[in-house]
Amino acid sequence: MTERDPKLIQAERLLERLRIRQLKITLQGSLYSWLGLLSAIWLTLGFFESAFRLPQTIRFILPVLGILLSTVTAIIQYRRIVGCESLKPGDKARYFWALRLGELSSTRESDRLLNALQVAMPKAGHRDAPSPELARESLYRAVADLDVIDSDRAIYLDGRKKEAKFGGALILTSLLALIFTPSSLLPAYQRILHPFVSYDQTADFSIAIEPAGGWAYRDEPVRFEVNAKGSHPASGSFFYRLDGGDEIGLEIDIRTGRATVDFDGFPADITYRAVSGKVSTDRYKFQIIPRPQIVELGWQLNPPAYSRLPVVSGRENVGDIECLPGSAVELSITASKKLASALLLMTRISGDSSAVDTVSMDVSGNQARVEFVVRKPLTYSIRISDRDGHHDKDPVTYRIQTLADEYPAVRIAYPEEDILLGDDMLVPLRIEADDDFGVARLELNYRNLNNDTDIQSWLLSSGKSTPGLSIDTLWELGGMPLMPGDVLEYWAVVWDNDNVSGPKRGESSRRMVRLPTFEEIIAGIEQSEAEVEFNAEKTLEAAKELKEEVARLVEEMRRDPNADWERRNQIEQALNNQEQLSKQADQLSRSLDELVNKLEKHDALTTETLEKYMELQKLMDEVASPELRDAMEKLKQAMDSEDPEKIRQALEKFDMDREEFLRSVERSLAILQQLKMERKLDELTKRAEELLHAQEQVLKDIEGDRSESAMQSLERQKAGVEALQQELAETGKMATENGESALAEDLDSLGSRMKSMSISAQMQQTQQSLRSGNRQKATSSGEESARQLAEMASALGKMAADYKEQNKAELAQKIRRLIEELIYVSESQEELLDESKILGTQSPRYRELAGAQQDVKQALAGIAGRMLDLSKETFFVTPELGASLGKAMQNIDRSLAGFSERLPRSAVQPQKQALGEINRSAAQLLAILGELSGSSSSSGYEEMMEKLSQMASQQQGLNQESMSMPMPGGGSPGQIPGEGESLAGMAARQRALQRQMEQAAEEAQGIEEMLGDLQGVADAMGDVAKDMENQQIVDRTRRLQQQIVSRLLDATRAAREEEYSKKRESKTGEEAPRLSPPPVQLDAEREKLRRDLMRALQEGYTPDYRRLIRDYYDALDREIIKK
Amino acid sequence: MLLTLWLSAPKATGLFAADAPVEDPVVIARVKYGGGGDWYSNPSSIPNLLGFIRQETGIKTADAEAVVELTNPKLFQYPIIYMNGHGNISFTAREVEILNSYFAAGGFLIADDNYGMDASFRREIKRVLPGSDFVELPFSHPVYSSLFPFPYGLPKIHEHDGKPAQGFGLFLDGKLVVFYSYQCDLGDGWEDPDVHSDPPEKRLAALRMGANIVYWRLRGGQ
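Chains as they are written, first to last, in the numbering used here: chain B, 181 to 1303; chain A, 2 to 223.
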């Protein structure tokens, strides 16, 4: 076999390839075209059926027609392809494609190709026809020689493309028709495909559900809409099946062609369909998706450190929080799904604004957390999203309420009102402060209103932080330059420990303490004294009336012992009256106590006079004696027993003790009236001294060229001088009324002398000199006035002292006389005793001696009466002194009985006892005389006072030093660095004081009751010294120091008499001072309520309760305001 | 200074705190009341008081007083109103209602007994605030010490019946809304020196007390 020319093979392949390619394209175009026709045929049939709904009998025509038409079109297409020569394998197709190529080539090549074709395809019957192989070879050579080898150009594409487009368009149209009219076409095709099945001819409607499938969130509302078209029935059913359960049907009304079916939500997937008549929709599926949700919410609250509140964890899933501003909140959640994000949305609650802050939480899996600090009240919610993009629905909004950190409250619990300052210059203070979370600092602020000075502060507590604070302290004003009439306004200021929004401050109401003027002190004392005197007189009068009544009852009982109803009634009435009198006496005692306190506090008297008043008060205390009470009780018991004899005896005993009561009242009143004169003389002396000191101040003002001040002072001085003159006259009148003519004369004489001095005129002259600018002359006349006043003060002082001395001398004289009488009686009694001892039973002297004994008895009775009178003039002679004389007389009575019975031994023995009692009385009087004639300092009391006074002064110095020590940490006492040496020195001095005090305590034995517990003071000094040695001055130290001073001052009050005038230089205001009205009640009530609230809030209730409590108190507060 | 005072007033509430033109000078409005009493008495008193406050505190005050009837809507522009006189005072029902609203909105009345208005003033003000009774203010009340100390309460400017001068207050919801000076006659003390020829110290005391009241109120005192 010969090898063929490769060129020829190549040409042959080219032609074959062109044929095959054209075949493929033609097949493709035909297929599209056929499919398009097929779609059009069946679509047409579908619409036809849909429109005409052919009956079962002829409906088969439609599928047959469809198949027929489909087949015909298929055949047509087949024949088109099969009949085409150029597509068939073989030489003819090769010649066709060779010719096609020739058409595309140049003319020369085309001719050559035509020649080759002619050779290859000779006319029929041509005898020179070459062999087929040669003809093919010739043709292939011609093709191979063609320049145009781009075979693609030879392919016929246009017609094929049109066919494909046509077919595609028909297919697309059919599909669209199917998509948009499925409800009509699909049933139609169903009927076409089942031509022999009988379909209901009456179901000329369709129904559909919207949405047909889909998804929704679990348990969230879903709405289905059923639409009916055509002649549909009025109702239908909606069936659904929940997650494989039974199918549930709901009736629906589709009269309007539309019905909605609403569900609140489904827990799981459902399938559903709608049915009306025999028409049913398809069964659709609805997927239920759970949203992400918070299944656990927790928080931890860290309150600000200052509040000292514990860390609080929130209850599970309760997101409402109540906390203090500044609290840190750590919020954490656990979600039902894994989270993609979690946002904290915070809305501030502040008036109308509602600014929202969004904070991303840290997410990890299905958990998230965030931490933030609460400054203001806010609401918050948490929005979460899962990883599929679903977010939670309507997140819960929680509230964070900030607790109101209340303002701290402080009040001055004592003094409860404005007060007058006493001579001790001390104000006892009790200050109570409270706050819901702690008091950090407490101060006492004060200022002198008269001088308009700046506000000054005294730190009472600092550094601590306690909810409630109560401080008892003594405010020493001795070191302040206060003048009589000056008013200190003071109030307490407290700060709480809120270091988040800054410490809040509270103030107490303001109080005033006033240093009284001398006039005010005297006016107050005189008023108290007048009250006491008036009450005493009233009591005495009533006691006298009762005395007569009881005496009458006793007499009647003696005459007729029967106690009938009327008499019993009278006795009961007498008892009641006495009860009333005893109460009056108690009241009198209290009034006198107040008077003594005033006298003591304002140091208005000399020590001696003050002691007398104190004695008087003691006396008044004992007026209603235990014996009298006992007698009253016994009388009551006797009345109950209904035994007339017992009643009589009890009544007599009551009469005796009541007599004693009367005497006590009488005596007290008599002494009070006597003391009044002494007090009045003391007062006159003080007045003169006051004027003298004020005059000295005037001279200083003149010297210091302060003429205006001097002029004003002189104006007051003149009034003071006139007042003194008037007082002198009144006191003289009083002396006259009291029968003290000598004193009255002295006073009158002094008054005349004062008038003759023309002190007021001198002062007037000083004023004129000042006005004319003549300071020298003013000084001269001023000095003259001062000299005259000094003379007056001296004279008055001397007069007062002389008066007291004279009284004392007179008293001593009376006592001496009594003693002499007693000694005389004693001698007589002794002689009688001697004579009685030698008396025989048959002696004729019995009568004589009995008479002498009777004389002694009478003499003793006289002495006893005078002693009783004397007891009304002095405390030294007490009625009890008469007891010895009483016993003596009783013994004398027994002796007289012995004489009458002529029994010497029976007479002698009582005589001895009587003599002893008489001598005892004389000895007692002698002792009293010694006590009276010796000065008051003979007991050592004054010396002791002086010593204590010095120690008080030293202690005050120490206190001042420790107060001025720098306080670390803004004022809190404590360890004081760098002050060690100073403290050591102070400690040593404190120890020395302690030793002195211990010695004084030993020396004071016997008068401890008056001085108090000096050893206790020494012990307190030891404690203070110990603190100083340890270099620790704490609050307790300072309190102790103040207590020491206070107790020393208490003990030495009398010794500081002379300081009076130094502290109280006269400077009276023009406005008549009066006491302030009480605080406005409204505020007081609200303040009390506020304190109650504070206490309640500190009880540690839960926030809910705290809120309730607060609401409750707010309501009460509103009530108060309304009232 | 005024601005600072207004802004720093810690308790200033109500209409006046919010709406008062803070840059405007402080003015005191005299109430023109009915009833026949001389509402216009002491004409130089308020200007003198305003001048004294300006001088002592630096607060910007008006040179003259304002006059306002209680039915005038402008009433609510004045945080402090003043009334005095010697004769009868009478409020209409409408005036009673308005004055009550004025107090509720935070307004403040200084009433000064010029000798003779006490009975009618007490009667009429009782109609305005029927639930409140006059309370004598304690001397520790800040109105007596806001600028100048008055340790014994109101100074006694004119003698009248010789009774002590008393400062009374009427409270509404716990706030002092009326300050009534009785037996004192502050207004006479504020007048020009030659009107009553009071001693200088009396006049000074009256002005100081008046300044105390106004200053206390401006500082938000309640």
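Check the hints yourself; a few may be wrong.
[Stated by the list, open to error] Pairs of lysine to any residue, SDA-like flavour, derived with a Cα cap of 20 Å:
1) K458(B) <-> S363(B)
2) K1092(B) <-> E1010(B)
3) K798(B) <-> E713(B)
4) K341(B) <-> T436(B)
5) K203(A) <-> E888(B)
6) K1017(B) <-> A1041(B)
7) K856(B) <-> E713(B)
8) K176(A) <-> K856(B)
9) K957(B) <-> A981(B)
10) K727(B) <-> K556(B)
11) K164(A) <-> P1257(B)
12) K814(B) <-> E832(B)
13) K978(B) <-> E895(B)
14) K176(A) <-> A106(A)
15) K1067(B) <-> A1041(B)
16) K176(A) <-> E1299(B)
17) K176(A) <-> G919(B)
18) K164(A) <-> A970(B)
19) K75(A) <-> V28(A)
20) K176(A) <-> E920(B)
21) K898(B) <-> E832(B)
22) K203(A) <-> E895(B)
Bear in mind the hints are in silico, worked out from the structure with no lab data behind them.
Being a predicted model, the structure only gives us computed values, none of them experimental.
Hints and how they fare:
| no. | hint | in the structure |
| --- | --- | --- |
| 1 | K458(B) <-> S363(B) | 15 Å, holds |
| 2 | K1092(B) <-> E1010(B) | 8 Å, holds |
| 3 | K798(B) <-> E713(B) | 16 Å, holds |
| 4 | K341(B) <-> T436(B) | 51 Å, violated |
| 5 | K203(A) <-> E888(B) | 17 Å, holds |
| 6 | K1017(B) <-> A1041(B) | 24 Å, violated |
| 7 | K856(B) <-> E713(B) | 10 Å, holds |
| 8 | K176(A) <-> K856(B) | 51 Å, violated |
| 9 | K957(B) <-> A981(B) | 36 Å, violated |
| 10 | K727(B) <-> K556(B) | 81 Å, violated |
| 11 | K164(A) <-> P1257(B) | 15 Å, holds |
| 12 | K814(B) <-> E832(B) | 11 Å, holds |
| 13 | K978(B) <-> E895(B) | 28 Å, violated |
| 14 | K176(A) <-> A106(A) | 11 Å, holds |
| 15 | K1067(B) <-> A1041(B) | 11 Å, holds |
| 16 | K176(A) <-> E1299(B) | 14 Å, holds |
| 17 | K176(A) <-> G919(B) | 63 Å, violated |
| 18 | K164(A) <-> A970(B) | 38 Å, violated |
| 19 | K75(A) <-> V28(A) | 13 Å, holds |
| 20 | K176(A) <-> E920(B) | 62 Å, violated |
| 21 | K898(B) <-> E832(B) | 62 Å, violated |
| 22 | K203(A) <-> E895(B) | 18 Å, holds |
When each numbered hint is compared with the structure, violations occur for hints 4, 6, 8, 9, 10, 13, 17, 18, 20 and 21.
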